[in-house]
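Colleague: Protein chains in written order, with UniProt numbering: chain A, 1 to 622; chain E, 1 to 622; chain B, 1 to 159; chain S, 1 to 159.
Just so you know, these hints were derived from the structure itself, not from any lab. Worth double-checking, as some hints may not be accurate.
No farther apart than 30 angstroms at their CA atoms in a straight line, the calculated lysine-lysine pairs in the DSSO-like style are these [what the hints assert, rightly or not]:
hint	chain 1	residue 1	chain 2	residue 2
1	B	K134	E	K146
2	S	K88	E	K527
3	S	K134	A	K147
4	A	K443	A	K151
5	B	K154	E	K571
6	A	K4	A	K188
7	A	K36	A	K146
8	A	K611	A	K520
9	E	K542	B	K154
10	E	K277	A	K571
11	E	K235	E	K4
This structure is a prediction, so every number in the text was calculated from the model and none was measured.
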Amino acid sequence: MAYKTIVEDGIDILVVGAGLGGTGAAWEARFWGQDKKIVIAEKANIDRSGAVAQGLYAINCYMGTRWGENNPEDHVRYARIDLMGLVREDLLFDMARHVDSTVHQFEEWGLPIMRNPKTGTYLREGRWQIMIHGESYKPIVAEAAKKSADKVFNRICVTHLLMDDSKENRVAGAVGFNVRTGNYHVFKSKTVICGAGGASNIFKPRSVGEGSGRTWYAPWSSASAYGLMIEAGAKMTQMENRIVLARFKDGYGPVGAYFLHLKTYTQNGLGEEYESKWFPELQKMVGKEYLDPEASHLTHRPIPTCLRNHALISEVNAGRGPIHMVTMHAFQDPHLEEVGWENFLGMTVGQAVLWAATDVDPKYENPELTTSEPYVMGSHATCSGAWCSGPEDISPPEYFWGYNRMTTIEGLFGAGDAVGGTPHAFSSGSFTEGRLAAKAACKYIDDGKAEGIVVSDEQISRRRKEIYTPLEHYKIYRNEIVAGDVNPHYINPKQGLDRLQKLMDEYCGGVTVSYMTNEKLLHIGLKKLKILEEDLQSIAAKDIHELLRAWELKHRHRAAECVTQHTLFRKETRWPGYYYRGDAMKVDDENWHVLTVSRRDPNTGEYTMEKAPCYHLVGEDE
Amino acid sequence: MAYKTIVEDGIDILVVGAGLGGTGAAWEARFWGQDKKIVIAEKANIDRSGAVAQGLYAINCYMGTRWGENNPEDHVRYARIDLMGLVREDLLFDMARHVDSTVHQFEEWGLPIMRNPKTGTYLREGRWQIMIHGESYKPIVAEAAKKSADKVFNRICVTHLLMDDSKENRVAGAVGFNVRTGNYHVFKSKTVICGAGGASNIFKPRSVGEGSGRTWYAPWSSASAYGLMIEAGAKMTQMENRIVLARFKDGYGPVGAYFLHLKTYTQNGLGEEYESKWFPELQKMVGKEYLDPEASHLTHRPIPTCLRNHALISEVNAGRGPIHMVTMHAFQDPHLEEVGWENFLGMTVGQAVLWAATDVDPKYENPELTTSEPYVMGSHATCSGAWCSGPEDISPPEYFWGYNRMTTIEGLFGAGDAVGGTPHAFSSGSFTEGRLAAKAACKYIDDGKAEGIVVSDEQISRRRKEIYTPLEHYKIYRNEIVAGDVNPHYINPKQGLDRLQKLMDEYCGGVTVSYMTNEKLLHIGLKKLKILEEDLQSIAAKDIHELLRAWELKHRHRAAECVTQHTLFRKETRWPGYYYRGDAMKVDDENWHVLTVSRRDPNTGEYTMEKAPCYHLVGEDE
Amino acid sequence: MPTFVYMTRCDGCGHCVDICPSDIMHIDKTYRRAYNIEPNMCWECYSCVKACPQHAIDVRGYADFAPLGHSVRVDRDEEKGTIAWRIKFRNGTEKDFLSPITTKPWGQAIPQLAEVPGPSQEMRDSQLLYNEPKYIRMDDGGLHTLETNGLKMKKGVYY
Amino acid sequence: MPTFVYMTRCDGCGHCVDICPSDIMHIDKTYRRAYNIEPNMCWECYSCVKACPQHAIDVRGYADFAPLGHSVRVDRDEEKGTIAWRIKFRNGTEKDFLSPITTKPWGQAIPQLAEVPGPSQEMRDSQLLYNEPKYIRMDDGGLHTLETNGLKMKKGVYY
Ligand SMILES: Cc1cc2c(cc1C)N(S(=O)(=O)O)[C@@H]1C(=O)NC(=O)N=C1N2C[C@H](O)[C@H](O)[C@H](O)COP(=O)(O)OP(=O)(O)OC[C@H]1O[C@@H](n2cnc3c(N)ncnc32)[C@H](O)[C@@H]1O
Ligand SMILES: Cc1cc2c(cc1C)N(S(=O)(=O)O)[C@@H]1C(=O)NC(=O)N=C1N2C[C@H](O)[C@H](O)[C@H](O)COP(=O)(O)OP(=O)(O)OC[C@H]1O[C@@H](n2cnc3c(N)ncnc32)[C@H](O)[C@@H]1O
Ligand SMILES: Nc1ncnc2c1ncn2[C@@H]1O[C@H](COP(=O)(O)O)[C@@H](O)[C@H]1O
Ligand SMILES: Nc1ncnc2c1ncn2[C@@H]1O[C@H](COP(=O)(O)O)[C@@H](O)[C@H]1O
Ligand SMILES: Nc1ncnc2c1ncn2[C@@H]1O[C@H](COP(=O)(O)O)[C@@H](O)[C@H]1O
Ligand code: SF4
Ligand code: SF4
Ligand code: SF4
Ligand code: SF4
Ligand code: NA
């Protein structure tokens, strides 16, 4: 191939993926590393990349400590109960104590945050959520990142991390290719902050054909953070904890503003409240500790997101669908009507398009809700991601190995979806995690931990060869057939994605099986994933764009495998409404009140699974 | 458009669709109409068209009266109980008393029917099924049809029936276009025998992408029989009675030979027998009259197909999947192993390919079973189709209006999947029905019923315009956009099919919702079907092949609408395992021991629904 | 397992185009050879594979569930009246099968009904089909009717 | 609702190609104008629509669930700091919305951190981030810690 190799050397901090976490990292890194070389390698254009490309209408993680609204530990307790007990409370406390500073900065930069006209405080959507006019959220944080970075490489699909050839388990940068020029890019760096985001499209979507772009999380959320880190041998945590979201049907418009600000509510096909009906049965599955509707009512303790899903799913399965969101009352108020629409124009335009197309005016008709296909990410009501060190002033020994947000690979840090154990970070918390990781990365370098890194030419050329194999494969075998995409020697990325999604759906708890799986099914799933991995060696890309899709697929495949391994390991149904282990339908605190941690050996491909203790934030004297 | 108009005039018997029913009709017509003009209009090439294109390994409807095996009424009772009481017993008895004559003819023509070496009788797969080497089943019956027909027009997609302009509700032929030349074909005929087959691809398939061609019923089973007849205003019956099939997973290989001849059996993911476990609950839903396992055991009365599905579906939903077919015992016998493989090579090659691809050798590994997406047809364990007159010596007055297998449109006859109320006809019964229809059509003509038919030029040119609209639409609007298939003025056939399948799946009881629906959902489905119908006015075809797909889609859409109307009408769950009315989860013999009959008014598009009495074949003194 | 066509084997004869029930084997304008224009409407029915004189068409399992590395080849011979299959697993295992497709010389055993004596009026008025009652029973007994079988049709709920 | 490009409006400037997060806006080789090469990977994020100087890009709802006949048009103006939406229903109903996208002149309010005084060693050793504790509380109080908040981390099962 004629593609050039372009080496960027001497980088101190390489930000891989500049979404909310990555822009936070790049921005903050400059403060702690005034003379350091800070470089961004981003798959798209950072002005509109990642989950926030079309904007957001709310910042879902804001304490409001300055107005006495919440303390960080309140948020930790919220996240803990919402996730059925299992989170990294050190990381969460740390994120929560800094997140307000992030949000106040955003406002200073020009992000329009709505205010409560009476109190002057930020307009609350819910206890943790504040409302914004966030169409330009991403361009604004990108502006900040650009101010700090020495160089921004847009349109680089990072495919692999580089590893130090002189010291086991130490990162040394990353490689990838430019999705426009095709050139091979090598980034040699002392540290890497991985902000490559979460994963859509791992499970078969409800949408078909053209509509399969209409996912809740963006279709370009390619599981790269997971793929890159797992490949490199980083430990992962809670990967089984995929999320299913209640969403407006088809358009997948978020419901938060509706439930919390518009105070809309759901009903079944018969116009009945149904949620509470399922609580007694649910309580038997999960225990009163996790579901106590009366206590919840009195203390505003939330009903966990997964359990609300469970009620919705069960009601639909029982034949009393569809579930409707009752909007007709709220929409009589012109202000709420405006919020209802702008909420979508600001973050999920497709929902507005759909309503326009189907003549659904929520003022006169209650729209349908559904539960989505599962997504794998780490910043909404779910916390899949890398197993990272916490901050030294909070973390117990099992959670601490020197640098905040550093993975189990030296010099490799994470932020946002990449970091496991920190749900409910959302956009603001992800940006905050990026900032924390950047400070820690600078410290790591300043402490001399990145000395003597060696990257062999062998490593660089091996990766180069690997990256372009799909193009080579296409060239060699294309002309064996007359035309078309059916070839005995290869599959293309779309065909591979279809295979992945179908098997994850059927064997690992997707929509078609109502989120049900069990040990037997998971074993079959793993077997099929292994065979798919073999076929991915034979993937073909007809051009650079397909090469991008090929690598996205490889990252998704690796993440899917890890999800399946974790789901197999945890022999309980911890989050009914996210997925069910049919062979262990209850919460089992005795054996499974732990965090699951996996490591894939990069040499053998074998997974090792362990249980890590779950520490909780409790009162000093408890 | 430069396409020619080609008129074929003076036809006596026009066979629309020469599958098993149509070839039977064409063949037999020559005997009763020695001098009549018999013409076939077929979408594909009759040598390999229809459901039997790749062959069959069994003939599933054979009485064996000559060997004293069964009497016709035995088969009627079998079909009745299998269909939960509701069938057209006059039509069934009639088919059953003639079907052996059809099969013996086949043998005489050269179709290899296996023999029991001990008894010399046909080798039985089950009580009703005999085994054949049927790879060339279709070429053989096509040969017979060609011997009888004056002309065979291959590659004509028939789009509409022609109606007599001089007499209300009388057929006058059909029109369509040649899918290769694009020419417009007009067939003026005194009678039409519609053998255009059943329907796949109305509901969202389990397969995705490339794999969506792997349906049980052929992807070219385009619901044309239903689309043509409903459009013309014929009454339809039991259209709600869509079928779900237990099949080998992914490959959709049939299970009959396995269950009946190889004596394989199913177990759940834990290796347990599960079917009987569900019977007590099922008995409460359907009543002991329809499910009495003990009686079944003693009398070999079958457990209805839908109820066996129900057990499978329920077991999977309960988290004890996957269901396996235990083949490892049977396959130790080399003869049975050979049958097991040849069964698929003879009728579902894809299943063999899949096993080869996945290294599944059923001798060493039990393959997975699943339940398919729903299909709409009328000759397997299901009986959707046109409401037809029975034979005069059997039919009660409500079932008789002069000519055997004549629909409620004068001169329009049906055979095979086109005819409602006759399940378990299969290939042989369908061919037999074609023969019966042909004899009746000759009689109709000979009785002078087809005199004075007038087809106006207006009708012919109106249909011509309608047929090519999708090509026009494409031409006009294509260049408004730069490239691609996203256009504000049109959708293409694949996009329309995706829409149809998704809405039928979600609202009318497809796989994603575990076959569940209810009144509310069905009403929404109908609304969406109406809007889709409007958009089908704006469908675009970029070439003649897409024009074929456009018309197939229109036929599927019309059939889907009718299915939904029927499903809404019948307020009970008559066939658990085929679909569930969540708002009426029981069999309700008091109100619904009736056949449902619909008519769509061709002028207004409105449906009228009625209940028709269900007559049963009983002993003379009962 | 949709079809594909080997570039070097196809001579563009069009037999596959002629037979495909799905109308998806078309001739490529550039190469003047056949290919499958719509794999997701391919039923892997093998009609085209069987019809190709050049053995130029093969099938590879549907990408969304069939891994690469297998093959199912076929040779159908109307003269011999047989069909031969060779299955090759991904792991290399092979299995061969051979079946008859007809017991008679092709097409010759089917009578030309225009040439048989036409039916009598009596036969027309009866319920019999061509060549019946011959084919109905071994004993050449007559057609089953409600009467002969002691039956009637009755409205109501029976099981 | 994937995008499409009006042939007569696009001048091939490439802004959409530059911005699309999905890498699916490409320039057609024949027409030298942009189009969406992979609609099923389009998130209808409107990034390209907002970026197109010619208003040449529009969106029509995903064919698998959105009927024809609607439109959602947008005009984003960084100068004015606003975004204007016009929604047109299939039935003709129209709705307009206007929102701010920034409260400051574009980009100017973000400091250049290379130019602010670097952190002290004390600050490096603390848990503070840039500009903290300023931004953390109204009262400019310090960072929350386990100690200040009377907490500890404890192994076990707590709810
Ligand atoms: C899609 C979406 C997301 C949200 C919401 C609605 C919708 C419709 N909602 S609501 O539902 O609750 O309503 C939220 C909301 O209102 N408020 C909120 O604060 N957060 C919400 N989120 C969640 C946040 O967006 C989310 O928590 C953060 O964005 C997570 O940040 P981060 O972990 O950094 O992920 P990212 O997607 O922003 O960025 C990833 C970046 O990596 C790039 N990338 C990926 N792979 C790469 C590769 N191989 N090489 C190079 N670069 C490579 C990406 O391009 C991107 O820039
Ligand atoms: C697909 C399939 C079918 C079966 C089976 C397995 C498989 C994998 N099994 S097992 O599962 O039980 O194993 C059976 C079996 O083993 N034994 C058996 O006897 N029958 C089985 N069937 C069922 C029979 O095939 C079925 O009952 C009959 O074929 C029905 O006959 P008919 O109703 O004539 O349908 P057809 O598909 O054969 O013919 C339809 C024809 O119409 C044409 N056509 C359609 N639309 C048209 C249009 N618009 N214009 C012009 N022509 C237009 C078609 O091209 C075709 O020629
Ligand atoms: N019914 C609800 N009760 C409490 N919080 C909710 C509810 N629905 C959504 N949220 C929260 O609102 C925010 C946005 O949610 P969503 O729009 O569903 O992504 C998240 O913080 C959710 O946890
Ligand atoms: N388990 C079963 N018990 C009785 N009959 C069956 C069973 N499975 C299939 N059949 C019959 O076998 C024939 C072929 O079935 P199938 O292969 O499922 O299409 C049909 O007549 C079915 O009704
Ligand atoms: N009220 C409005 N709201 C949003 N955009 C508008 C409005 N009026 C005009 N526009 C913009 O002007 C362009 C041309 O509009 P149109 O004539 O509708 O195609 C559109 O693409 C919009 O971006
Ligand atoms: S039948 Fe064979 S040789 Fe002839 S066009 Fe088709 S693929 Fe080519
Ligand atoms: S296998 Fe059958 S459907 Fe597929 S291309 Fe060949 S003839 Fe057509
Ligand atoms: S931004 Fe607009 S004008 Fe420029 S290439 Fe894209 S569609 Fe054409
Ligand atoms: S709407 Fe978004 S995803 Fe779709 S083409 Fe435009 S920029 Fe790309
Ligand atoms: Na996280």
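Colleague: Each hint: holds or not?
Modeller: Verification of the supplied hints:
| no. | hint | result |
| --- | --- | --- |
| 1 | B:K134 to E:K146 | holds (24 angstroms) |
| 2 | S:K88 to E:K527 | holds (20 angstroms) |
| 3 | S:K134 to A:K147 | holds (21 angstroms) |
| 4 | A:K443 to A:K151 | holds (21 angstroms) |
| 5 | B:K154 to E:K571 | holds (24 angstroms) |
| 6 | A:K4 to A:K188 | holds (16 angstroms) |
| 7 | A:K36 to A:K146 | holds (15 angstroms) |
| 8 | A:K611 to A:K520 | holds (22 angstroms) |
| 9 | E:K542 to B:K154 | violated (55 angstroms) |
| 10 | E:K277 to A:K571 | holds (25 angstroms) |
| 11 | E:K235 to E:K4 | violated (34 angstroms) |
Of the numbered hints given earlier, the model fails hints 9 and 11; all others are met.
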